[in-house]
Structure formats: C-alpha cells, structure tokens
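2 protein chains.
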Amino acid sequence: MLKVKALLFDVFGTVVDWRSGIANEVKKIANKNKIVINANDFADAWRAEYQPAMEEIRKGNRSFTILDILHMENLKKISSRFGLDKLSSDDFDLLVKAWHRLPGWPDSSEGLNKLKTKFIIATQSNGNIALMVNMAKYSNLNWDVILGAEVVGHYKPEPEAYLKACRALHLNPEECMMVAAHDDDLKAASLQGMKTGYVHRPYEYGKDKLFDISEVNDYKGDRSWDFISKDLNDLAYQLGC
Amino acid sequence: MLKVKALLFDVFGTVVDWRSGIANEVKKIANKNKIVINANDFADAWRAEYQPAMEEIRKGNRSFTILDILHMENLKKISSRFGLDKLSSDDFDLLVKAWHRLPGWPDSSEGLNKLKTKFIIATQSNGNIALMVNMAKYSNLNWDVILGAEVVGHYKPEPEAYLKACRALHLNPEECMMVAAHDDDLKAASLQGMKTGYVHRPYEYGKDKLFDISEVNDYKGDRSWDFISKDLNDLAYQLGC
Chain C
655 MLKVKALLFD VFGTVVDWRS GIANEVKKIA NKNKIVINAN DFADAWRAEY QPAMEEIRKG
715 NRSFTILDIL HMENLKKISS RFGLDKLSSD DFDLLVKAWH RLPGWPDSSE GLNKLKTKFI
775 IATQSNGNIA LMVNMAKYSN LNWDVILGAE VVGHYKPEPE AYLKACRALH LNPEECMMVA
835 AHDDDLKAAS LQGMKTGYVH RPYEYGKDKL FDISEVNDYK GDRSWDFISK DLNDLAYQLG
895 C
Chain Y
655 MLKVKALLFD VFGTVVDWRS GIANEVKKIA NKNKIVINAN DFADAWRAEY QPAMEEIRKG
715 NRSFTILDIL HMENLKKISS RFGLDKLSSD DFDLLVKAWH RLPGWPDSSE GLNKLKTKFI
775 IATQSNGNIA LMVNMAKYSN LNWDVILGAE VVGHYKPEPE AYLKACRALH LNPEECMMVA
835 AHDDDLKAAS LQGMKTGYVH RPYEYGKDKL FDISEVNDYK GDRSWDFISK DLNDLAYQLG
895 C
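In the order they appear, the protein sequences are chains C and Y.
Here our numbering runs 654 ahead of the position in the first sequence, where the first position is 1.
Here our numbering runs 654 ahead of the position in the second sequence, where the first position is 1.
Please note: incorrect hints may appear among the correct ones.
Note: identical chains are not told apart, hence a pair may lie in one copy or across any two.
Here are the computed lysine-lysine pairs in the DSS-like style, where the Cα-Cα straight-line distance is at most 30 Å [stated by the list, open to error]: (1) K713 x K841; (2) K770 x K791; (3) K657 x K682; (4) K884 x K713; (5) K686 x K659; (6) K768 x K688; (7) K772 x K713; (8) K861 x K884; (9) K818 x K682; (10) K768 x K686; (11) K681 x K659; (12) K768 x K730; (13) K768 x K751; (14) K686 x K770; (15) K818 x K681; (16) K791 x K818; (17) K751 x K772; (18) K682 x K659; (19) K713 x K731; (20) K791 x K884; (21) K713 x K770; (22) K686 x K657; (23) K657 x K861; (24) K818 x K861; (25) K659 x K770; (26) K751 x K818; (27) K730 x K861; (28) K861 x K681; (29) K770 x K682; (30) K861 x K772.
Treat the hints as calculated values from the structure; they're not laboratory data.
I would like the entire structure built from these sequences, with the hints used as guidance.
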C-alpha cells in the first residue's frame, strides 16, 4: 500500500452529511416564509433527482453541465410538492446554494488533516469547483486540490471521471485510492485500477435507515475493498497517519 | 475592498523562488554527474524559454500543452549548452520536475495561512495541476483550490485565463484580486475587472538585480494597483487578516 500517493474522496455522504445539512437549511428558509415542511422528506426528494439528472449527461443526451445548475433545475421540479414554489428569487438561490453549506461528519475535518500529512487529499466528487471550495471553507475541509466535475468533464461512475483525475495528478490509478461510503463508486474506481477505501456512514440516510458495518465486512463479492474503515480518523490510523 | 472574496495568486516569482530553487536542484544533479555548471545562468536560461514556448500556444499555433511538457522540451533545447545532454533519463526527469520542488519565499507559507482565514486562496498560475499540488506539499502552501493551466485551458496573460478562473469560483472579476509580483500579470487581470495586489519580490532575479519598492510606488502609470505590499504577511496585514 506504500505506493499510494493520493486519496481521492467522494464527498456527498462520505465527507459531508448532505441529508441533515439540506434539511436544516430548508427548515430555516421555510420557517422564515411560514411554510410547513417535512425537511427530511424534502432532502430525500431533492437528492432523488440527482442521479437521473446526471444520467442524461452520462448518456450523452446533454453536454456537461455543472451540479449547481442541476440542483437548481431539480429544485424547480420538486418545489411545488413542498410548498416552496412561492419563494422569492433570493431565497430560492439561497436554497440552491445550501449544497455549498453542508456540514462535515464529526470526524471529517480532523481525519482529513491527519491524512493530509502523508497523502495528497483531493476531492473526486460530482460537485462543481465553486460548490466544493465554498463547502471546504464552511466545514474546514483542507483539500490539497479540487478535482472532479469541471476538471474531468465527466460524472462518476464513468471511467473517464476517475482516469482523468489520476492523470491530472500525473499518477497511475494504482497510486491513487478512491475513498467513499458507496460501493458503486468504489467498484467503478477499482475497475480502473485504483485502490479502494470504504468509509462506513450508517447515518447518511437518517438514523431510521441505519445499517451495520458487519454487513460490509461480511459481504465477500464486489465489496472486497483494500481498506474498510469506521470513519476518516480510523482510515488515517490504518494508513499510518 | 470588502467585496473581494478570493485572492488569485501568481506563483512563480510571487510565492516561490524559482531561480534559487532551480539553481539548487541543478547543482545537486550536476554534482552527482561531475558536471561543472553555472547554476544561476542555467536557471535564467531555462526560464528564458518559458514565455516563447507559451507564446506559440497563445497565438494558436499549438493546442494547449501543460507546463511540465514545455519545461521538458525547453530543457532539451538548452541542455547541451550546459553540459547536461548526457544525463540519464532518470536524472533528466528529476530535473524537469525540479519545478515541483521550488521553495516558498520566507513569508509565503505563513502569509498564505493568514490570508486563508478570510479569503479563498487560489493559484492562478500557468503551472499545471500536478506541478502546483506537488509544490504545495513540498513548500507547505495551503491553497484552497488549484486554478489556472488545465482548469482554464489558457495561458496568462490571455483574458480568458483570468475570466475562467473567476467563473470557476462563481465570482465576478471585481470579487477576485490577482496577487502578483509582476506588472504585466496585474495589468492583464485589471483589464478584466479584477482587483490587484502587488507583492514586492526584489530577489526574484538574484541579489545582483535588486530593485527597490520605491520604484513601484513612484510609478503612477500602469502600476496603480489596489494594494502594494512588501510580502504576503504585509498583504495579510493590509487586508485585515
């Protein structure tokens, strides 16, 4: 494992808690506008539009479009369902940018700082540059470099998304480890020759949807990752940081 | 000035001391190979090929090519002049990558950390992503984001280089300040609406070519920059960090 020089991170779900973050942000804006809302349902509904929107781009039906624009379009689609269609233009924009203000998991900032002492730490997210930079400032995520999105011009799990990120660092895929809480992301990275680090995030979809790390450890098929960790501090410990 | 949200930095000369860095690196490699070399002359000669190589790309005679490749080609051009044409392939590559191992000026790391508390700090250099990331790790330059080069696909001082960097951050040019030790860079940024911060680097071309900051202050033509600073700590102080 000493060959690994860079850790490339999935961000939504792996490093930040998008569901609580979006729920808290929409609550503030809804309260201000005296709108009653189920904030968790809203967060899930907005996130549900995420993959279908990117899929149009992956299929080649649409040219590469940054996530801030997809989030804006997706919010328009679901806003009337949640009584948010009467928001002012300013509040609507503030809500679109809620993705720039997501909180890290409790271990994220500290764990990244430890990992940064020994490795290049990079985002390899579908989030655009401005989103990633603003989120990093907001939640104290000290990335060495923002990759993914505009830098690679492809959305994960397309192979080019991973390969171009490694190439931007002038590293071979086996010198890069994809770090993610999601099997599909790790599998796609692994198929391109990258090393893999799984991070357990049982609360990504809320406490009622908790799952146990033993499910991951017990699974011997696709989930044969190089590292399986409880959180980023644990990953740092396992990697000798 | 409170509108400024991001500082975009020129790097070679402004943040790192390329001349001493290259001279020290070539000395090591030359000594190992028992080659006698005037290391400062070599650094100047290599750097002299920098602008002409990029100019071909700016003129549209060549597609965008990263600086590591231009450095490699330029080294080939001048190597026989300095007795370096018999280097092994490994030593040649090590020398090409000397630009990844340049030292910051004494104030650079500390000054950037201060500026980072209040602003997004970004590279807006012609250096490619891998070069910038490796240099940052080597010299403890804690950038929030690496812009320039591949991210913008244009070499400074082309207008698009500045405009695309601001756009990547979703900021208007007037919300971004170009920070550089070079008037041409600041002038080009200023013409696109960016704010300007001059940093005095009298030793960039060696101590024998020292010039005084009064030359800058006294000049009332193109050099009417928003901030004129002695170094990055001074700039941080002036910006209230």
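Comparing the hints with the structure gives:
1. When the C-alpha separation of K713 and K841 is checked against a cutoff of 30 Å, the pair qualifies only within one copy, where the shortest distance is 19 Å, while the shortest distance between copies is 43 Å.
2. Taking identical chains as interchangeable, the C-alpha atoms of K770 and K791 lie at most 30 Å apart whether they share a chain (16 Å) or sit on different chains (9 Å).
3. In this assembly of identical chains, K657 and K682 lie within 30 Å of each other by CA distance solely across copies; the values are 26 Å between and 46 Å within a copy.
4. Taking the closest pair of Cα atoms, K884 and K713 never come within 30 Å of each other, the shortest separation being 34 Å inside a single copy and 53 Å across copies.
5. Within a single copy, K686 and K659 get their C-alpha atoms only as close as 47 Å, which misses the 30 Å cut-off; across copies the closest is 27 Å, which meets it.
6. For a Cα distance limit of 30 Å, the shortest separation of K768 from K688 qualifies neither inside one copy, at 43 Å, nor across copies, at 41 Å.
7. Taking identical chains as interchangeable, the C-alpha atoms of K772 and K713 are never at most 30 Å apart, the minima being 38 Å within one chain and 41 Å between chains.
8. Taking the closest pair of Cα atoms, K861 and K884 come within 30 Å of each other only inside a single copy of the chain (16 Å); across copies the shortest separation is 54 Å, beyond that limit.
9. Neither within a single protomer nor between protomers do K818 and K682 lie at most 30 Å apart by alpha-carbon distance, with minima of 39 Å and 33 Å respectively.
10. Taking identical chains as interchangeable, the C-alpha atoms of K768 and K686 are never at most 30 Å apart, the minima being 39 Å within one chain and 36 Å between chains.
11. Taking CA atoms no more than 30 Å apart as the test, K681 paired with K659 passes between copies only; the shortest distance there is 27 Å, against 41 Å inside one copy.
12. For the homomeric pair K768 and K730, neither the shortest alpha-carbon distance inside one copy (40 Å) nor that between copies (40 Å) is at most 30 Å.
13. Taking the closest pair of Cα atoms, K768 and K751 come within 30 Å of each other both inside a single copy (29 Å) and across two copies (26 Å).
14. When the C-alpha separation of K686 and K770 is checked against a cutoff of 30 Å, the pair qualifies neither within a copy, at 40 Å, nor between copies, at 32 Å.
15. For a Cα distance limit of 30 Å, the shortest separation of K818 from K681 qualifies neither inside one copy, at 38 Å, nor across copies, at 35 Å.
16. Taking the closest pair of Cα atoms, K791 and K818 come within 30 Å of each other both inside a single copy (25 Å) and across two copies (21 Å).
17. With identical chains, the CA atoms of K751 and K772 are at most 30 Å apart between copies only, with a shortest distance of 20 Å across copies and 32 Å within one.
18. In this assembly of identical chains, K682 and K659 lie within 30 Å of each other by CA distance solely across copies; the values are 25 Å between and 41 Å within a copy.
19. In this assembly of identical chains, the alpha carbons of K713 and K731 lie at most 30 Å apart only when taken from the same copy (21 Å versus 45 Å across copies).
20. Proximity of K791 and K884 under a CA criterion of 30 Å is satisfied in both settings, with 25 Å inside one chain copy and 27 Å between copies.
21. Taking the closest pair of Cα atoms, K713 and K770 never come within 30 Å of each other, the shortest separation being 35 Å inside a single copy and 39 Å across copies.
22. In this assembly of identical chains, the alpha carbons of K686 and K657 lie at most 30 Å apart only when taken from different copies (27 Å versus 52 Å within one copy).
23. In this assembly of identical chains, K657 and K861 lie within 30 Å of each other by CA distance neither inside one copy nor across copies; the values are 37 Å within and 41 Å between.
24. Taking the shortest Cα distances, K818 and K861 never come within 30 Å of each other, neither inside one copy (36 Å) nor across copies (42 Å).
25. With identical chains, the CA atoms of K659 and K770 are at most 30 Å apart both within one copy (10 Å) and between copies (25 Å).
26. Taking identical chains as interchangeable, the C-alpha atoms of K751 and K818 lie at most 30 Å apart whether they share a chain (27 Å) or sit on different chains (20 Å).
27. Taking identical chains as interchangeable, the C-alpha atoms of K730 and K861 lie at most 30 Å apart only when both belong to the same chain, with a minimum of 28 Å there against 61 Å between chains.
28. In this homomeric assembly, K861 and K681 come within 30 Å of each other (Cα to Cα) only inside a single copy, at 19 Å, whereas the closest approach across copies is 60 Å.
29. In the homo-oligomer, the alpha carbons of K770 and K682 lie at most 30 Å apart only across protomers (28 Å), although the nearest pairing inside one protomer, at 34 Å, exceeds that limit.
30. Neither within a single protomer nor between protomers do K861 and K772 lie at most 30 Å apart by alpha-carbon distance, with minima of 33 Å and 35 Å respectively.
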